[in-house]
Amino acid sequence: MLAFKLAFKNLLGAGLRTWLNVSVLSFSFVVIVLYNGMLDGWNRQGRSDTIAWETGSGQYWHPLYDRYDPFSLQDAHVPVTGEAAELVSSHQLTPMLITQASAYPQGRMLNILLKGVDPSQKILMIPSGSLQVKNGEISAIIGKRMAESSHLKKGDRVLVRWRDVNGTFDAREILIAAVFNSNVPTVDANQIYIPLSSLQEMTGMLGDATLLVAADTHSGSAIKGWAYKDTKTLLKEFDEMINAKKGGSRIVYLMLLSLALLAIFDTQVLSIFRRQKEIGTYIALGMTRMQVVRLFTVEGSAHSLLALILGSLYGIPVMLFLQQKGIPMPKSADQAGVAIAEKIIPFYSLGMIVSTVLLVVISATIVSYFPTRRISKMKPADALKGKIQ
Amino acid sequence: MKKFSLIFLTIFLITSGFAQDAKTILDKVDRNMSSRNRIVESTMTINGKRSSRTIASKTWSEGTEKSFSEYLSPATEKGTKMLKLEGQLWIYSPATDRIIQISGHLLRQSVMGSDLSYEDMMNDRKLTDLYTAILIREEKLGDRNTFLLQLTAKVDDVAYYSQKIWVDNERFIPLQQELYAKSGQLLKRTELKDVKQIQGRWFPTVVIYKDMLRQGNGTEFRMTGILFDQKIPDYIFSKAALKQ
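Protein chains in written order, with this note's numbering: chain X, 850 to 1238; chain Y, 195 to 438.
In short, the hints are calculated from the structure, not lab data. Positions of the beta carbon are idealized from the N, C-alpha and C atoms, including for glycine. Hints may contain errors.
[To be verified] Think about it this way: if two alpha-carbon atoms lie no more than 30 Å apart in a straight line, the pair counts; the simulated DSSO-like pairs of lysine-lysine are:
no.: 1; chain 1: Y; residue 1: Lys404; chain 2: X; residue 2: Lys1002
no.: 2; chain 1: X; residue 1: Lys983; chain 2: Y; residue 2: Lys376
no.: 3; chain 1: X; residue 1: Lys993; chain 2: X; residue 2: Lys1126
no.: 4; chain 1: Y; residue 1: Lys252; chain 2: Y; residue 2: Lys376
no.: 5; chain 1: Y; residue 1: Lys243; chain 2: Y; residue 2: Lys376
no.: 6; chain 1: X; residue 1: Lys993; chain 2: Y; residue 2: Lys243
no.: 7; chain 1: Y; residue 1: Lys260; chain 2: Y; residue 2: Lys387
no.: 8; chain 1: X; residue 1: Lys1002; chain 2: Y; residue 2: Lys376
no.: 9; chain 1: Y; residue 1: Lys243; chain 2: Y; residue 2: Lys320
no.: 10; chain 1: Y; residue 1: Lys217; chain 2: Y; residue 2: Lys275
no.: 11; chain 1: X; residue 1: Lys854; chain 2: X; residue 2: Lys971
no.: 12; chain 1: X; residue 1: Lys1003; chain 2: Y; residue 2: Lys320
no.: 13; chain 1: X; residue 1: Lys1002; chain 2: Y; residue 2: Lys243
no.: 14; chain 1: Y; residue 1: Lys437; chain 2: X; residue 2: Lys1003
[Stated by the list, open to error] Derived contacts from chain Y toward chain X, CB cut-off under 7 Å, selection only:
no.: 15; residue: Gln370
no.: 16; residue: Glu372
no.: 17; residue: Ala375
no.: 18; residue: Ser377
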């Protein structure tokens, strides 16, 4: 306790030097929490958006389906029968048929994926309710990215060419019934959604589906003839991307933290050099060398405690403000092909805050301790005289 | 009743005669257009909305399954090679010194910005193997008399469900071809011009392809030299030849 009292007294007595160190350290602390909060917020938002728009609570894939290989679509379709059909009728699964096609907006050719979805499905957020067939005309929906790249808007008609199950070309005009706005580029870019039954008829793949999307009420049990992919598998790439981002950001904030810790280290070295008489006096008054080492270590690490207090004073209002208003993302951010909202709402988890506090305190304690090891080698008499050792 | 039977018989004989004629015409077209192998030197002029560019190439082909092309000019395309081998397509690009297989979405991309897709290049089967032909009428196309044939797919795995084909009634060479989707939508139009007699057979030396769904003025394929039934070494149709 004495060590703490003395440490804080000495620290506060040092005036501006202490506050400079504390300010730099507090800035690092706030930046680390803020950046990690932003990444955690993005992660939560991206995951929930991807689940809501694309993956559902799991998917059953045709064994030949590979989402990164459009070539696999040619053979990756099978009629939905038996247990799968029962689960579809009880609204636990919704089927989706996917095929390659070309769209010709304004005479330009765009390679697209034509996706057939059940207009009555409620598992995905895709506004499939707009999908209708009126007077033989097929309605389609597209996302805002597709709308931008193809210059299509609601009410436009576009010619689409595809190949049927035998590889024969077919083409017809479809009506863009709605343009939806999603944060998930992978459900949007170069994709056109039409009613499932229309696509099945157009391609001659009657009753077929490429994949089945599961509702959150579905248990995820195995279905014969389908390969189950859980959310963890479906979001693997997204999680890897967030982890890679975290890895990259660690380098930045460790550099920032190193600057603050270097300042503390310098302060400690200077203290021990300039306060030799004081060290000698402590020992002369009966303190052991280890007690003096502890005193100086506590003094150094106390910087981190003051930094936490100072950081909280200005950091908490900033963090709360950003949590309320969100961090706006540039328009080009989602061109990377990952789910990202227009605004990221940071998420500050207790675990993240505690681990950041521990990182700052422990690293400050370590850099404070190293210079003090010199004290254990000092001769008290020389120290009292202020002789440089 | 007797009169009705006579009319019915006459119609039957006329239509079956037409169908027979159409088949014979198509057979003759196939015979003229196909060869054991051929070596073609050609230029491909791609007429875009704003500008045109010409690409020269040399192609060795054997039957319908094997083909090897080397691009000779312009400098940006020189050295690019393409190998089609039993339903698969590879491209070698000298800039990257890599061979890539064209599959999936890439097959639908146009060949060097032309109106031809890689997929179109892959379809080389005989018309008689794929279509049932009906002679619609005789028609004048330019200064040539032609038979207009309506072709309808008789096999499932055909790219274009139906075609209209105008065949020169003396030389049995197609002069124009229209390719239709199942829905009846016109997808592509091909005009074949400058028919010349080469090694005893009539052959069109200029082909203009037009993707009817895309803007642009089509792609002109002009054969500057053609040799039929030559001796082509086997190594030409191998992946190793791409890097040579």
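Practice problem: Provide an ascending list of the numbers of those earlier hints which the structure does not satisfy. | Solution: 3, 4, 9, 10, 11, 12, 14, 15 and 16
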